[in-house]
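One letter stands for each residue in the lines below.
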Amino acid sequence: MSRHDFDVIGKDQKRKDGPKKVKGEHEFADDIQFPMMLHGRIKRSDIGHARIISIDTSKAEALAGVKAVLVGSEAPIKYGIVPQMPTEYALAYQKVRFYGEPVAAVAAVDAETAEKALDLIEIEYEALPVYTTPEQALADGAVKIHEDNKFPGNIAYESDQNFGDVDEAFKNSHYVLGKVFKTSYVNHVFMEPHCAISKFDTNGELFIWSTTQIPHYLHNHLSKVLQMDMNKIHVKVTGVGGAFGGKGEVSNNELISALLARKAGRPVKVLYSRKDVFLQHRGRHPIEMRVKVGVDKEGMITGIDYDGTMDGGSYGGWGLVILFYTAAMLHLPYNVKNVRFNARRIYTNKPTCGAMRGLGGVQPRFALESLLDQIAIDIGMSPYELKKKNAIGFSHETVSGQVVRHSEFRKCLDQAVENSGYLEKHGNLPFGKGIGLAGGYYISGTAYTLYMAYKPHSSAMIRVDNESGVTVYCGATDIGQGSDTVLGMMAAEKFGLPFETIHVVSGDTSLAPFDLGTFASRVTVAAGSAVCKAADNVLKKLKPVAAIQLGVSPEQLEARHGKFYSVFEKSREIDFWKVVEKYIDAHGPLTATGDYTPPRRTGDFKGANIGHSPTYGFSAQCTEVEVDVETGEVRVIRVTEAGDCGQPINPVSVEGQVEGSIIMGMGQALYEELKVGKDGRLLNPSLHDYKIPTAADIPELKTTFVDSYDPESPFGAKEAGEGPIQPVIPAIFNAVYDAIGVRFTEMPITPEKVLKALDEKKKQEGIRS
Amino acid sequence: MHCEPFEYEKPVSLREFESLYAARADDARILAGGTDLMVLIKEKLLAPRLLIDISDLHELRGISWDPRQGLTIMAGTKIAEIERSTLVKEHAPALAYAAANLGSNQVRWMATMAGNICHASPAAETPPVLLAHDCELIIGRQGGERTLPISRFFLSYRKTALESGEYVKAFRLPPLPARAAVAYRFKGLRRAMEIDMLNIGAYLELCEDGQTVSDVRLAMGSVGPTTYRAAVTEKKLKGMPIGEDFFAAACGGVVQEATPIDDVRASAEYRNRVIGVLTRRALEECLEIIGARRSAA
Amino acid sequence: MKKLVKLEINGENFDVAITPTAYLIDVIRETVGLCGTKKGCGIGDCGACTVLIDGKPTLSCITLAVACTGKAITTIEGLSKGTELHPVQRAFIDKGAVQCGFCTPGMVLSSKALLDENPHPTQDEIKSALAGNLCRCTGYAKIIEAVEYAGQLLSGEVVHEQA
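Protein chains in written order, with the working numbering: chain A, 1 to 769; chain B, 770 to 1066; chain C, 1067 to 1229.
Note that these hints are calculated values from the structure, not bench results.
Each hint should be verified, as a subset may be incorrect.
Stated by the list, open to error - Pulled a few chain A residues facing chain B out of the computed Cβ check, cut under 10 Å:
| no. | residue |
| --- | --- |
| 1 | Gly-427 |
| 2 | Asp-628 |
| 3 | Leu-670 |
| 4 | His-688 |
| 5 | Ile-692 |
| 6 | Thr-694 |
Said to hold, decoys possible - Here are the computed lysine to any residue pairs in the SDA-like style, where the Cα-Cα straight-line distance is at most 20 Å:
| no. | chain 1 | residue 1 | chain 2 | residue 2 |
| --- | --- | --- | --- | --- |
| 7 | B | Lys-858 | B | Arg-830 |
| 8 | B | Lys-779 | C | Val-1071 |
| 9 | C | Lys-1137 | B | Ser-824 |
| 10 | A | Lys-675 | B | Ala-1037 |
Claimed, not checked - Sample of chain B residues facing chain A (criterion: CB under 8 Å; computed from the structure):
| no. | residue |
| --- | --- |
| 11 | Arg-818 |
| 12 | Ser-920 |
| 13 | Lys-956 |
| 14 | Leu-958 |
| 15 | Arg-959 |
| 16 | Ala-961 |
| 17 | Met-962 |
| 18 | Ile-964 |
| 19 | Phe-1016 |
| 20 | Val-1033 |
| 21 | Arg-1042 |
| 22 | Val-1043 |
| 23 | Val-1046 |
| 24 | Ala-1065 |
Glycine residues also receive a C-beta, built at the ideal position from the N, C-alpha and C atoms.
Generate the whole structure from the sequences, applying the supplied hints.
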């Protein structure tokens, strides 16, 4: 089948959950109710760092309507998404490490009673010093936030990687530029707050409904913390109202709902408020990065030197993985031979940072794309030319051993530049207006699993019969991005059936086979591969049956337009469902499985496992801004994006991913920042003070795809959900430089910073003239 | 988000409302749109014992125009109705503009202008325009009413001149003289759904020569505990000819009189800096409107 | 004290026993059982809880249920008739304006209210009307496109094609 000859793939498909969603019928966790269900609420600490001396729950227990009260000592088992380094408890045990940490929980007949009961819980603390910045946490004599931390002081993890000889490279460089970059403390702000409902049946089996990206990790963690056999736990993913990484770790409410349900003997729902969501956090790490880049006379990059301090917040979470992703994502999509990476993640008394859309990439991309822009300008070259010269092509192996089999990054640069008129505009717009270019890339899945098992990363089962049609069972989780649609489309294309007739069953540990979850932009390639293999295995069973009916060899049969037919003689055809019927009559049920494990790669350095991906997506953006030089307001006017996501499976969905990424990135570049008081309290944990872009803020968006097809991927596809956010922030920063000649190195670019910088610039120019 | 229990009453006439409020003013709150009040209650910043719902009292709705008295807006009129009113667009376009930029569309359909001023937030959208118009408030109570210039309404942070049992009944914006205009400028981080970092309402009236400032009012929001007028500057500006000196005196003056603080939305330094910029822009807009009106006449 | 209150939701009358402190969203979702109305923040910042009261978009999370007697409440469930979708709903599906679906009910209702008042809104008018409905998935572009398209469907300029 040639790549241009698809019936389903590459054509805009209306998602099957669309009608339910526009009617409000799509079932989210909070929409689920059970008879006798209790409502759980969480008592949170009002201190940033302390030892728990005592917790008195007697008054809460005595309140009418309260059915269970829970404290940390009832589940003192540590867990964490990185199983080698668990740091968290369902409820704080012995210590609290951030302001707003869950300390106790109540299940009551209604939410109001549960909240009243929280006020009756008395907790005595012994205060410890609160560290809200890495500097404070690293100061001499600082108290350890985690007493059993194996790294010195409050260093959660540190590591270095060194490839080539950076010092030597810089010595021989034509130009070396270094700057300090700081990124902000931002939250995913998915619209649906966390919610979980747990219910035990008479046999003591646990059923949990939750809004999660990782049902199988949740399954595993529940077993650990509740000390129950996994086969007695059933995880059911409800509708997921956005996640972006924020539901990519087990959250306290899930464990608490299960523990409370067990204790109360009744179903328990634990729904978060918006403030709870901000406290659960797991948003992007603020990183202070000292980055230096050298180039030769031609503008070829000679080396990169990176030193980063990550503010991790109070717990481990995905932190150490993100640290190594940052290393892996430092130099791509450019060809760089000498790279030095030094980084540490620091515990502070704040809500924990974790995985957020484009994790590991967004911060180093910001630094690198900003530096390359400045270097190009400083050496009198167009940033486009410099980036294109250094851009990788096909079959590239990075210094850290990542193998990029397929890249159309250069096409992305060309197309974004051409569609935006970048070359004519850059450097030529009036003061206050500017255009900036940035590139980026992202992994399409990860080669390394934290699941601590060597089983396939994705698996799928397909059942075909004349009663129910085609049903695809896959553990992958649709978090709103439309993966059920994409997997259904792949099966439809394989079987030559209309997409609408395919059923997809996903996100249920009892029904669907194992899948790692929805993160690292892995689903289309990994789960897609598993579904394609399962479909191929179904066809392998059906073709011989069709072949006998038609009197041709199975090899010359193709499944299309609802039929099997001979590619040599199209009139020899038989209805698909007729073949299914014959098969089942003769052999019984028709099922097949497929699975996928990415090529495993590693190296002989620390963190060498992390960053490898079967394939990579690329993008480039040209962004135009206007700066009000009197008020400091920065407006993004237009974003022209060109993306290499391989063959888009469902183009309308890919565009949606790109547009959502751009606006999310714009929010981080211009508005978003969680602010923390000296006592560790979040100062703006609401959607009126933490500002995400509204419909009124959006620029003109011109998104296009470059012609691309990765022949080793399912239907040529690569990631599209996290790559497009990579260039957004540096493209805006580069555009602001073009507009007013100020190189910002700290997010977000608020009006205040713009005015201060313009003053500083005037002063400098005054000194010079 | 549980809250302390409260009672709810919905009087069917203004009279019934006034007597109920007179009896319960100490522990009651008036519920008009609820967009501020209900949030304060949910966040446990307020715990009234009784809410008196006046949202459907037709006596408190409506916008009317009288060439002598000016524009009368009844207190219960929704912000969205003010935003859309042809009378407001004609006689107080800056108010229609401020209304259109308040909160979200949903908030505008729920909230009232009386609610916007009675919460006396220094960041509120309509007070700068109302102060610029030197609007008169009609304040009701059981068995009577009084009028109060809005310049005497805001006492301090979230404190108003309303006495126990009194409520805002109507706004009266006097007709603008021939060579006068009002403009509103604001600055938020986003383009919508904002609590402003800063806002200003400006009133400018020229003498017959079209060159000299006859009267000026500058009302600033978010630069002090309440929205207030830059009285000293206003005095200084009167009689000045329009020109760079006038603008410089206006911008310099408001900065002198602004007393902003640092908060989660903006720093005092930023507010001091930009209040002048907004003042200039608002005054320039006033001039433009006056000029346009003259050339049309 | 709970009182019996009459609410008219989607043209149907419901007698609900509620206290004065009950918010409309909770009554709609929990007492009446219409779960299409979503709670994203609980304090009127996100617009997911938008319902129409007498046709006007209203934040049900900061509206008292008891204050809604005698008014016509429309929730997302009241927009379609069985499987027959309202043109705004069809437009959202056709234009790819739906991703996770959590903001969608509120977004659809805000769009309907806009188009009822202004059948041919400009892009800026759409943006202003929807600015109170936050969405983190779509970047709003396809939603704005869908509202424009819905306007065309409603005015009959464009006829919806069944896929």
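Here is how each hint holds up against the structure:
1. Gly-427: Since chain B brings no Cβ nearer than about 28 Å to Gly-427 (chain A), farther than 10 Å, the hint is violated.
2. Asp-628: This interface hint holds because 9 Å falls under the 10 Å limit.
3. Leu-670: holds (8 Å)
4. His-688: holds (6 Å)
5. Ile-692: At 9 Å from the nearest chain B Cβ, Ile-692 (chain A) passes the 10 Å test, so the hint holds.
6. Thr-694: Check passed: Cβ of Thr-694 (chain A) comes within 5 Å of chain B, closer than 10 Å.
7. B:Lys-858 - B:Arg-830: This hinted pair holds, its Cα atoms lying about 18 Å apart.
8. B:Lys-779 - C:Val-1071: holds (13 Å)
9. C:Lys-1137 - B:Ser-824: Measuring from Cα to Cα gives roughly 12 Å; hence the hint holds.
10. A:Lys-675 - B:Ala-1037: Holds, at about 17 Å.
11. Arg-818: violated (18 Å)
12. Ser-920: violated (27 Å)
13. Lys-956: holds (6 Å)
14. Leu-958: holds (5 Å)
15. Arg-959: holds (5 Å)
16. Ala-961: holds (4 Å)
17. Met-962: Nearest chain A Cβ about 5 Å off; hint holds.
18. Ile-964: holds (6 Å)
19. Phe-1016: With a closest approach of 13 Å, the Phe-1016 (chain B) hint is violated.
20. Val-1033: At 5 Å from the nearest chain A Cβ, Val-1033 (chain B) passes the 8 Å test, so the hint holds.
21. Arg-1042: holds (6 Å)
22. Val-1043: Holds, because the Cβ-Cβ distance from Val-1043 (chain B) to chain A comes to roughly 5 Å (cut-off 8 Å).
23. Val-1046: holds (4 Å)
24. Ala-1065: Check failed: Cβ of Ala-1065 (chain B) comes no nearer than 29 Å to chain A, outside 8 Å.
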